[in-house]
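Engineer: Here is how the chains run, residue by residue.
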Amino acid sequence: MSNPYLPDIATIQRVKPETYDTTSFTLKFDDPGVWERFRFRPGQFVEISVFGAGEAPFCISSSAHGREDFDITVRRLGRVTQALHAMGEGAQVGVRGPLGNSFPLDEVAGKHVLFVGGGLGLAPLRPQILEVYRQRDKFQSITVLYGARTPDDLIYRDELEQWQNLEGMRCLLTVDVGGDGWTGNVGVVGSLLSEVKFDVGQAVVFVCGPPIMIRFVVRDLVAMGFGEDDIISTLERHMRCGIGKCNHCIHGDKYICLDGPVFTYRQMKAMMELEP
Amino acid sequence: MNAYFLPRDRVDELVGRLLRAAEVIAPKRVETGDVFYSPVSSPGEVAWDYKTAVEPLKRFLLPQQETVLRFSTGEKLRVEPVLEEKDRIFLAVRNCDVTGVNVLDAMFGGEIEDPYYMARRRRATFISLACLEADEQCFCVCGDAGPFLKNGYDQQWTPLAEGMLIEVGSDKGQALADAHQDLLSPAEPDQVAEKLQLAKRAEETFGEFRSYIAAAMRRLTLAETPDEVWERLADHCVECGGCTFLCPTCSCFTVTDRLEGDGGVRERHWDACLYNCYAREASGHNPRAEHSQRLRARFFHKLSHQWAQRNGRHACVGCGRCVVGCQAWAHMSAATEAIRRG
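For the record, the sequence lines run as chains A and B. For the first sequence, the working numbering begins at 1 and goes up steadily by one. For the second sequence, the working numbering begins at 1 and goes up steadily by one.
In isolation and in its complexed conformation, chain B is listed as follows (with noise of 0.2 Å):
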């Protein structure tokens, strides 16, 4: 694929030109000094700076909320779909996140494709800003997923000392390029070198977190892990579900009807498998009724060779948001170490 370079002085312009043809999501600073990809309506507002965005790119492709159906209940029952559909740029995001899509895609795309999701994630492009140095809670090295990538992304950017280096990744990637050519350039070999030696740097820059994620994936595969080791994670873990809320691949979804007039909505929620609720029958029938259950059918999914067969990889991308967002100590970072240790 190819490789271009955008001067420092152009970016800017590249990404007024982005705001023009589309919505553009990127880093966004808020007062907190924290950042969250939200939509920007101004080159000024990316963060390029930043390290970590607090919530994946989850939300923009599933909602938290979202109404799937309409229906009128009147004389004669009407049911419609309702759809969302714009063209969405997502600008200077990171690689662990852009790959936690393509977990997603393989979850909501195949044989059936869930049409919500689709209809969203065919008009979005993913131009990714490669990380130069992790963060304190990140092991992206470990999930495969950062912080550089070889392929997933529509673009790849990297800020060299004189500007970006634009990798394309894709079709869509590609034609992005063309259209914007007069701003762009070659890249020339000792740009790409330059990439490569700060890649290699930024592999350096990862901290005390990690995840054991071959020897999780070989126990669970084989369930092999001891029943104390679920038991002890859940003495720690207190369901509280952030961890599924803020996991790039999480995607679990339940549905619930709401009255509104003379008709109503159908509404899909996220939902956590870590929830007592979650599996349980109206006959009030559990089959996940002790939190351990719970708990080892979770990194089951996540980690396990028939998922990841299932999903074209295993579903930890090392954002370490659940290192973050646990209270405890049960995120997945924790909980490969358990699993490792027997």
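Just chain A, with the same shape it has in the complex (with noise of 0.2 Å):
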């Protein structure tokens, strides 16, 4: 019987910081043969060992085509997060997954896509924004907003002015609190929904970020139109096993790490009914 629970080991990559207190990191298992097993699909997301630290769970970060290793990105925070901060190319930590459900890909075709991302929340929404963009034949346009507190907040700078410059792409930044060099809008990200032009109507919406900035956009997009499950988000919560058997990330009548973390904005309302 396999142990859902023993982690495969992964060797730390590289290290690239994002920002003052956030940072990706790119895993590669040291058995070859567990990448085939592993492949996972953009949404999903994974256990992370820190031998003696804990384990925590991640979101991948990384585009799911073309790569043998994948990223994480990580904001330090607790005591896993603060332990792989101060790992360094080389290291090993334990890895479990992919774990939980992903976006819909093939079930959005033919549809304007728009990503909506606020702060860290852009990191789940990147593996999702990398395949529609390759397969960027299949759908009738891309926009990708993405907001953070400070031009110090924007994670994945580099690819961000990237993605601007991109034809077949519309990629629009903002932070809430401008500063000296930044020439940009500012404002919450909610402010660049009047920058949509398209018929919502065949559009589908990805929203990530933190859970303010989630309940304020996706008022709006419901204001705007959106169909309820045309408005697709992805969850955190306290994942311990990631299995669906500690319990600590049930919402609801629903285990986040099982039955998630991607849900549509019509089953998050069923959720908040039953548990508000």
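Simulated from the structure, these hints should not be mistaken for laboratory data. Being a predicted model, the structure only gives us computed values, none of them experimental. Be a bit skeptical, because a hint or two may be false.
Unchecked claim - Just so you have them, the derived chain A footprint on chain B, three or more residues with Cβ under 8 Å:
hint	stretch
1	60-72
2	140-148
3	253-264
4	269-278
5	283-289
Unchecked claim - Here are the simulated BS3-like pairs of lysine-lysine, each with C-alpha atoms no more than 30 Å apart in a straight line:
hint	chain 1	residue 1	chain 2	residue 2
6	A	K16	B	K76
7	B	K150	B	K172
8	B	K76	A	K28
For glycine and all other residues, C-beta sits at the position ideal for the given N, C-alpha and C.
Combine the two chains into a complex, taking the hints into account.
Structural biologist: So this is what it looks like as structure tokens:
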């Protein structure tokens, strides 16, 4: 019997600071055979072990295509993330996954695709953005709206610059509070929604960010006419086991780890009715 | 399924054989007079005349603390699972507790199995002892878990005047009967009739505690319980978590690492959804910061149709341990009453 609690060992290939408190780590399995089984889909997450400090869940933040390693983007906050931030290239961690469901892709073909990210919420959206862009012929248009508290809180700075100049993708940035050298938009990410000109009846939107941002953005999206099944988000909870056994991530009648982390707004509303 | 009769003077002989075949966990009286399910080493240690055990069977399948992995952090990281496997026979345990194990089976089995729980579960045999008289805190009739069961056990024993009626409920239970055929005879119709009589009489012995599970299930399922109900319960509850630890079906756990030498162990521990820190995230965000939210989540998980559907039944077996353990008035009986009244 395979043991779903037994992590595979991976080595940190690359450490890339994103902001003052957030860093991306590229991980590769020591046993190359693991990758064949691992192959993840955008939206899925992993449980990362820093042995001695513990285990914590992280979404996969890299492309699901054309690589044999993957990234996680980690804010330094708790015991595990502090230990992870103290690790460098060559250090070993444990990985369990991929876990959870994933973003729909084929199901939303033919639509305008909108992404709305706030802060670190861009991390789980990134694999989906990259996959949608890779298959851009299947979609009517691709728009990425991304906001953070300050310019220093924007993650994937180099890539954002690239996205802003890409043909076939529209990428708009904003910050809540500007500063010296910031010439871009100032305001919450929801303020960028006025830039959306396509027919929302033929669109799907992927939203991720802090709970308060999701709440306001979703309210705006509903007002714009987005359908409840066309607003898709990914939720986070304190997922201990990742396989629906420890019960920590239960919300209403769902396990975030097993039934999610990706949910439609219709599903989220039903969960909120059971457990406001 | 088959039924057998074990004459009174052969009970100890059969128990002796079980003791030679496996570890036997049975009700055992301690100095204070309390009864705990414990390993026994001789037939004389089994407290056949007990009513209820202080704790359910959960800790034998899901220990309060267990090592799941061992790791060494030397030159090269090595991680190994730690699995415990041994044959165990649970003898003369109560039907509510056997039902509790069946609920745990649904939670830890399924598409993704918990290997630690299942390793113990697969090698466990459950011989229940039907209750002839309810204890004062009992309400298993409300929980659909006793005092007599129709299935769910490997064997169900009923103490008749002249010996034990043994009903078989599974292949495992049949194999056990087959192995000791020399001590058994097929049950006679009047022995089965005697059992039915005892079962009927047992149902008349329940005390004041009951649980309005149907009413609670409907209201929880449809989210019809007013917030005031949870706020009132929160006023009573002292968040000790005792009900969750005593509950046969509460199985939340948390996981921690502990360093040891040049490596360490990963352990899991029982946790309680009533604790403030239970769902709190590293950012400080707590989706259930309010005590009343945690109570609502607990009873929703226990009794809603949504979770009953997932686990095959609701998760209260009516053992009454939360009634005994609760320092306030926030146990299952009190909560379902409060939900019913709204």
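Engineer: Would you mind marking each hint as holding or not holding in the structure?
Structural biologist: Quick rundown of the hints versus the structure:
1. Here's how the stretch 60-72 of chain B fares: 3 of its residues keep a CB closer than 8 Å to some CB of chain A, so the rule of at least three is met and the hint holds.
2. Restraint check on the stretch 140-148 of chain B versus chain A: 0 residues with Cβ-Cβ distances below 8 Å, three needed, restraint violated.
3. Figure legend: the stretch 253-264 of chain B, annotated as covered by chain A; annotation consistent (8 residues with Cβ-Cβ distances under 8 Å, at least 3 required).
4. Note: the stretch 269-278 of chain B has 3 residues with beta-carbon separation from chain A under 8 Å; the three-residue rule is met and the coverage holds.
5. With 3 residues having a Cβ less than 8 Å from any Cβ of chain A, the stretch 283-289 of chain B passes the three-residue criterion, so the hint holds.
6. The straight-line distance between the Cα atoms of K16 of chain A and K76 of chain B is roughly 24 Å, inside the 30 Å bound, and the hint therefore holds.
7. For the proposed pair K150 of chain B and K172 of chain B, the alpha carbon gap of about 16 Å is at most 30 Å, so the pair holds.
8. The suggested pairing of K76 of chain B with K28 of chain A holds, with an alpha-carbon distance near 15 Å, which does not exceed 30 Å.
Hint check: a violation occurs at hint 2 only; the rest are consistent with the structure.
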